[in-house]
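**Q** Chains as they are written, first to last, in this note's numbering: chain E, 3 to 302; chain R, 13 to 557.
The set of hints was computed from the structure by calculation and includes no laboratory data. Please note that the accuracy of each hint is not assured.
To be verified - Now the in silico label distances, taken between C-beta atoms and shown as ranges:
#	chain 1	residue 1	chain 2	residue 2	range
1	R	473	E	5	37 to 43 Å
2	E	44	R	92	57 to 63 Å
3	R	50	E	223	39 to 45 Å
4	R	556	E	106	41 to 47 Å
5	R	218	E	62	46 to 52 Å
6	R	417	E	226	37 to 43 Å
7	R	50	E	286	45 to 51 Å
8	E	74	R	50	48 to 54 Å
9	R	417	E	133	22 to 28 Å
10	E	72	R	88	30 to 36 Å
11	E	74	R	218	19 to 25 Å
12	E	167	R	229	46 to 52 Å
13	R	230	E	133	45 to 51 Å
Unchecked claim - Derived contacts from chain E toward chain R, CB cut-off under 8 Å, selection only:
#	residue
14	25
15	106
16	247
C-beta: ideal position from N, C-alpha, C; glycine also.
Residue strings, one per chain:
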Amino acid sequence: MKRLALSAGVLWGAVTVAFIALHLAPGKVVDLIIGNSPGVTPAVRQQIIKDYGLDRPLLVQYVSYLEHVLRGDLGHSYRLQIPVSRAIGDALPATLALTFTAIGLALIFALVVAVLTAHRRPWLRGLFSTAETIGVSIPTFWFGILLLTVFSFTLHLAPAAGGLVLPAIALAVAPAGMLTQVLRDGLENALDEPFIVTARSRGLGDFAVRLRHGLRHALLPAITLTGWLIGLTLGSAVVVEQVFSRPGLGQLALGAVTGKDMPVVMGVVLVVALVYVIASTVVDLLYRVVDPRLRTEAPS
Amino acid sequence: MRTPPGALLVPLLLAVAACGSTTASSTATGAKPVDGGTLTYAVNTEPTTCLDPHQSPADVAGLFTRPALDSLVALAADGTIHPWLATSWTVSKDLQTYTFTLRTDVRFSDGTAFDANAVKANLDHIAAPATKSQLAVGVLGPYTGTTVVNDHTAEVHFARPYSAFLAGLATAYFGIESPASLKQPEATLCSTKVIGSGPFIIDSYGVGQGISFHRNPAYHWGPQTAAHTGPAHLEKLTIKLVQEDSVRLGGLESGQFDAIASVPPVSVATVKANPQLNVLTRQAPGGNYNYYPNTTRGPFADVRVRKAFRDGIDFKTIIDRLYFGVFQPAKGALSPATTGYDHTVETQWSYNQAEANQLLDQAGYTTKDAAGYRTRNGQRLTVTWNFFKAGAREQRDTLATQIQAAAKQIGIDVEFGATGTVGQFLAAFVKGDYDLADTSWQREDADSLRTLFATGSIPTPAKFGINVARYSNPEVDAWLEQALAVTDPAAKAALYAKVQQRVNDDAIVFPVYVFNYVLGEQRKVHGIGWEPQAYPLFYDAWLAK
Chain E
3 MKRLALSAGV LWGAVTVAFI ALHLAPGKVV DLIIGNSPGV TPAVRQQIIK DYGLDRPLLV
63 QYVSYLEHVL RGDLGHSYRL QIPVSRAIGD ALPATLALTF TAIGLALIFA LVVAVLTAHR
123 RPWLRGLFST AETIGVSIPT FWFGILLLTV FSFTLHLAPA AGGLVLPAIA LAVAPAGMLT
183 QVLRDGLENA LDEPFIVTAR SRGLGDFAVR LRHGLRHALL PAITLTGWLI GLTLGSAVVV
243 EQVFSRPGLG QLALGAVTGK DMPVVMGVVL VVALVYVIAS TVVDLLYRVV DPRLRTEAPS
Chain R
13 MRTPPGALLV PLLLAVAACG STTASSTATG AKPVDGGTLT YAVNTEPTTC LDPHQSPADV
73 AGLFTRPALD SLVALAADGT IHPWLATSWT VSKDLQTYTF TLRTDVRFSD GTAFDANAVK
133 ANLDHIAAPA TKSQLAVGVL GPYTGTTVVN DHTAEVHFAR PYSAFLAGLA TAYFGIESPA
193 SLKQPEATLC STKVIGSGPF IIDSYGVGQG ISFHRNPAYH WGPQTAAHTG PAHLEKLTIK
253 LVQEDSVRLG GLESGQFDAI ASVPPVSVAT VKANPQLNVL TRQAPGGNYN YYPNTTRGPF
313 ADVRVRKAFR DGIDFKTIID RLYFGVFQPA KGALSPATTG YDHTVETQWS YNQAEANQLL
373 DQAGYTTKDA AGYRTRNGQR LTVTWNFFKA GAREQRDTLA TQIQAAAKQI GIDVEFGATG
433 TVGQFLAAFV KGDYDLADTS WQREDADSLR TLFATGSIPT PAKFGINVAR YSNPEVDAWL
493 EQALAVTDPA AKAALYAKVQ QRVNDDAIVF PVYVFNYVLG EQRKVHGIGW EPQAYPLFYD
553 AWLAK
């Protein structure tokens, strides 16, 4: 319940900030809503003022805006000539598929590599650690082109435009690097704990110790990081979508920002906030699954 | 990262993408066309805001819809007009009434028949204020209405003599859409499939997703300018949006795309050297990509300073080096591909730095300040350039920087105005708050001179226009009006020649480069043709097995 109230609070904050930003921006709000849309006649302009209630007091406008958002009505894009909810609805699935595939790949990579390399021979650990650092710092744009050159242009294994696997790999590299580092550190710390010695003394094999006892401890910070990484990946998706010619939220947002299409920009802000909220809720729930200590707290 | 096309869709900039008329049509033919197959064409821009070419401000909407739309007439490369959906036409003596006799056997892909009512519905749609047409309505000129004489005869009326009508009518912006589909709200028409009578039928379209077509098996009413009759050779046609130059190129080289738009100039030689590939170029007609001085204020109000800027900068060398010969240096307002282009302009002026320096001396800029710029009465010779960097394509921003450096050599200080956003740019533009501006204006005939230099085309906050030089010369205005009232091509060309020479004499334009549409294709692709505005046509195209 507390969780739900907090989520609602975050969303309400995002809506409010978007509303304030729109009204604080220089120029008339109606012109921001119209943006660079060509050929909006004075009559249409009047209609927009009426539709958005821009002639009413600010507070009334705010309440009415909240009301619209609650009903799922995010306004109309005069640039694209369609409702914002449709523009976002069209773009979101492709971006979510890309983002979650990337996060999934990053998690799998991190789990496998961390379990295999924690406290292993220095050269092996060093090799992966270096690779992870490179992965984190590699420019997504450049890496995307590199992937295309190798796997699409040369080996013909993937399409040059569209596709899911290559863009997901390009997007997964940085999160994979970060997750592996955090997971391995956590795992190594856990492996130094006394309870590990206890577990080993009961005759458990090395892998079983790592998986059943070490990993559970190491997962907590990694889960937190994953929640945050989902947001980060949504942001990087702009670049990846551009390189791989994938339509999606990134391209929509980019077009909206350059075309000054405020209703779409606000809609994207809200949707990204929503994804964040959902991700952090899921993270909280996972905490309870992974860490039994949290379950003793009375369910709220 | 490059700017998405959405950012560029301001009327001023839309002229830039299209292109013209010099080289080969697709790979040497002679072989017998093969039917079937899918041709995948990767392009760099899309009509972000609206697909309907009647409404759209994006000229690329013409490329996206041409396969699905026919026009009443077709324009050949030599500027002559040929039958298409209209079998014949007559023009009244006063050039105010055009009477079209229409084909009787044409059906739209929604099953409805094409007739005179459809012509009326389409032209009225373009003219209707609710359509908010951005490109097409400008070409419709002083249109007053269409009379349906009978099912297959339509009369189109104008308020004034309007000889430029047929050339405009041949473009995709006048593509005839099914009247039933035109009844949809304008916004719906923008974001859904356009329905016409063309050789291809749209399967799917979405912003960022490109457009795909399948062939119309019933099609047998192609333009007289086409190489064949009957249905299109290709089974399917897919246009994909791939904005990254390197990805488009990689996709072509690896055989994933059959053809690509806009081969980057730097890669043209590589593509040409590849035995699997072929490069087609086509000069765009209309106004070149040029710089225009603001003749109403500042240093450029003085013709000597204007001439000094044009003649004192080695435009040719800069352009040849930057574009590797893919775009040719321009010598006048119009592209050589334009019907009515006057070759005299090529010898009217040439690069001469010494003379430019003399002209600046004569204009009173005799002293130099510490930074090396010329001054007059202690005032530096500075010109402000209304340059919209975010909308720059074809390395125009790099070019601008090089021109700036070259101007310094003759002591002219070129400063870029505070025009970071489209809004700032347009505001300065309509107010005339600049000394220098750049634009191109693709149109199929020399009437584009009217758009570029007539007093009525000077942009103001109340009325958009493209007379960027803010040039007002009653004599030139009169020639341009007269040209609209004559039909004899020679008499018309003579009037347009006068205008072209005069604007060079008065240094109203600093010619920059002739835009070429540069298309890369697989050798197995044959028969790609060209639209008047230098967009590729796929009706005759076919794929060798």
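**Q** Now, for every hint given, state plainly whether the structure supports it.
**A** Structure-based check of all given hints:
no.	hint	verdict
1	473(R) - 5(E): 37 to 43 Å	violated, 54 Å
2	44(E) - 92(R): 57 to 63 Å	violated, 42 Å
3	50(R) - 223(E): 39 to 45 Å	violated, 50 Å
4	556(R) - 106(E): 41 to 47 Å	holds, 43 Å
5	218(R) - 62(E): 46 to 52 Å	violated, 37 Å
6	417(R) - 226(E): 37 to 43 Å	violated, 52 Å
7	50(R) - 286(E): 45 to 51 Å	holds, 49 Å
8	74(E) - 50(R): 48 to 54 Å	violated, 39 Å
9	417(R) - 133(E): 22 to 28 Å	violated, 44 Å
10	72(E) - 88(R): 30 to 36 Å	violated, 59 Å
11	74(E) - 218(R): 19 to 25 Å	holds, 21 Å
12	167(E) - 229(R): 46 to 52 Å	violated, 37 Å
13	230(R) - 133(E): 45 to 51 Å	violated, 60 Å
14	25	violated, 18 Å
15	106	violated, 24 Å
16	247	holds, 4 Å
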